[in-house]
Amino acid sequence: MLDFPRWKVAGIWLILIALVSLSIPTFVPEEVTKSWGIHLPRVNKGLDLAGGSYLLLEADTNDVAATRVEAMREQVQTEMRRQNPRIEIGDISSRNGQLSFMLRDPSQVDAARERLLSITGTGAGMTGQRQWDIQVVDTSRFVLTPTAAGLAQAVDTAMGDATEVVRRRIDEMGTREPTIVRQGTNRIVVQVPGLQNPQALKDLLGKTAKLEFKLVDTTADPQALARGQAPAGDQILPYPNNPSGVPFIAVRRSAILTGDMLSDARQEFEPQTNAPQVSITFDSQGGRRFARTTQENVGKPFAIILDNSVISAPNINEPIMGGRAAINGGFTVESANQLAIALRSGKLPIALKVVEESTVGPDLGADSIRAGILASAVAVALVVAFMLITYGRFGFYANLAVVINVFVILGVMALLNGTLTLPGIAGFVLTIGTAVDANVLINERIREERRRGRNIVQSVELGYKEASRTIFEANVTHAISGIIMFVLGSGPVKGFAVVLLIGIATSVFTAVTFTRMLVAGWLRRAKPKTINI
Amino acid sequence: MKLLKLVPDDTNFDFVRLRGWAFGLTLLLSVLAVGLTVYKGLNFGVDFEGGLMIEERFAASPDLDRVRAVVDAQGVGEASLQQFGDPRTITIRLPVQQGGDEGATNAAVRKVEAALSQQFPGAEFRRYSTVSGKVSGELIRNGVLAVVLAIIGIGLFAIFRFEWQFGVSTIVAIVHDLLMTLGFFALTQFEFDLNIVAAVLTIIGYSINDKIVIDDRIRENMRRYRKMEMREIVNLSVNETLPRTVMTSVTILLALFALLFLGGHVLRGFTAAMVLGIVVGTYSSIYVSSSLLISLGLRAEPEADDKPKRGGGMGDAERVAPRA
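Each protein sequence line maps, in turn, to chains F and D. Under the UniProt record's numbering, the residue at position 270 of the first sequence is numbered 270, and the numbers go up by one with no gaps. Under the UniProt record's numbering, the residue at position 10 of the second sequence is numbered 10, and the numbers go up by one with no gaps.
Because the hints were derived from the structure by calculation, they are not lab data. All residues carry an ideal CB built from backbone N, CA and C; glycine is no exception. Careful: at least some of the hints might be erroneous.
As the list claims (entries may be wrong) - Here chain F is said to cover these stretches of chain D; the calculated rule only asks that three of the stretch's residues, wherever they fall, bring their Cβ under 8 Å from a Cβ of chain F: (1) 5-19; (2) 68-75; (3) 138-145; (4) 291-299.
Use the sequences and the hints to build the structure in full.
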């Protein structure tokens, strides 16, 4: 056991030097490492140390179901109309998460089913499961229900897209190095270091930014509207800034244009009044559609709808051919800018709500780092002194191992792109304590074997051998609790578990293998007659 | 150089003799801890309770009643104030805001902050966090699940590596440690938050570590001295590992005290829990798990031994030595 061939010694030193040098960039200010022109892995500071905001966003999955049914409604309507022969349908409604409609001519059931299958998919998709259940009741009524598998997949896609949109919006705000991660089925974690007032961010993320242009139905009977009855093919939407004072308006259900046909959106000032507005540019398809519709509807009003609420309903004075339009409606510079960002980054496929939030001021973060570093330094100093007066030379080797271990842990964390949090620092301090335990076990065992009258080499050898088994068992149990913390824990618990787990793995190497090599080297060189332990 | 020895060589304390008393004491303390936890309850942090926490630092140590009056005047619900370490720093806890959405919570934070900085010049905001009721429920569930899984996982490991008696005694000892920690938090009313769950899991890890070391020695001695009475084996093993037990506890406590006094107030509850856990865990290694092994009827069975034969009184160790 005390036999260390030269290649092994070289290997151990090489590994340690490599890992320790990985920790170096972490101590150098980021601007400096950037100026070297290469990307070096470093340990990032958690929000509790750097200061900043943490938001946990949650999506309402019922919302996805509703949107999905709504979208299917439009698809069904177009599909039935588009092909020859045209299938007349009526009494279409989307309620309770289901879509149902009647066929005017019951003999077309089979043809209708055929077309439905072509748009709902026969079982394609990634999972091969059906996305919709199609039922026929009373010979001519179709009921479409999204399946659980289809919904789950839709939620998954929506969350993936939403994460992207959130990322784009935060990037647009110009905040530096945000972390945006999906968590579980319907959550997104957002961490923005250095952000002190997350209000603007929350406003921005709270907007789905679903933009639609729809024609206003001027023929609708105002009294029926007031009772909440919309003519067929219409919907009633809130219109808080209606100049006429009526807080709602009837618009055609099918949209002329939607927000995904935009190519750009900017905050600008209206040339005459100098009021802030958002100017939008359509992509080629959107531009053509807008031109055609405005041509056909000169003199009629259309509604600009954001998140199911009408912002304004201007009249079409002349055909708008340039593919550009402006949205006015009582904006401030800030809110216009925010809307422009939201429109540029695309609409959120799913509404998000903040369910957990925390913000740490920069002073507290700095104080915490100072306190953490001071505590760690004092802890190391105390432990080192104590080991030295207890075990002499063997204590010195253990100390060397502990100090190297601190840098090795940092190196491994940098390699894994880890984040150091305040609980992480506590994990460090604790790792120092437990890493020393391995050496205590070994050294006490050597003492014992010496007392039993064994010679030096035998004692050291047995000390390492017998203690190693105990150390292994102790570390396995420790790792079990560490893994559980890592898997189930959130936030602080996870940060602590990461350091603990890395520390368990590296301390076995430094406290056992590395010190054994040092002790073996000394025994071979010095051939001591007695050892002081 | 004369080296320090905290524990003299070859101690021979009769730990086992006291075990009747120890069981009584342990039982009493456990009942007390459960009683306290049920009766006084734990002071859950915002993570578990849901709600709003604002930490504010004042220019000088403020009058708590005045702060409370200012916060209460904002109509954001009943505030509970806490001073932690530094007398200038105060955390203000508020219930989940009416309406429950972000707008209400935000408005409350802004209102409180504005009022405080107006009434107390120089007051600065340090941090705040809000947790909705739904998320806090999940956090509790995950925390409890983590602790239970850790206990089960480690117990299973002990059963596989050793005999079933070791598994059972270890689990009993850990439950004991857990109850003591809960009792401590109920008694002191320190805030019990997510950090404390991490502390509890670490205490479990440390405590097991301690027990494994002793169990390991008991197993070794059972093989070495087959004719010896179980209580003597336990006594011998605890005595033999005593220097290590003391050394390790002292080193970890040294590190923890550094953290407790210098590590800042955010970690104070965490460190306090850890210090307690080290003391309780060390106690339970000797007086709960090891002593329980005797009561559970663990003994060396020379005749029904299916393990490889080892030479008489000679241990595992002796056989290997000549290979050096």
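Hints, verified against the model:
Note: the region 5-19 of chain D has 4 residues with beta-carbon separation from chain F under 8 Å; the three-residue rule is met and the coverage holds. Under a criterion of three residues with beta carbons nearer than 8 Å to beta carbons of chain F, the stated coverage of the region 68-75 of chain D fails, only 0 such residues being counted. Evaluation of the coverage hint for the region 138-145 of chain D: fulfilled, as 4 residues show C-beta separations to chain F shorter than 8 Å, against a requirement of three. Coverage of the region 291-299 of chain D by chain F is violated [criterion: at least 3 residues with CB-CB distance below 8 Å; count 0].
In this structure, the earlier hints numbered 2, 4 are contradicted, and the remaining ones agree with it.
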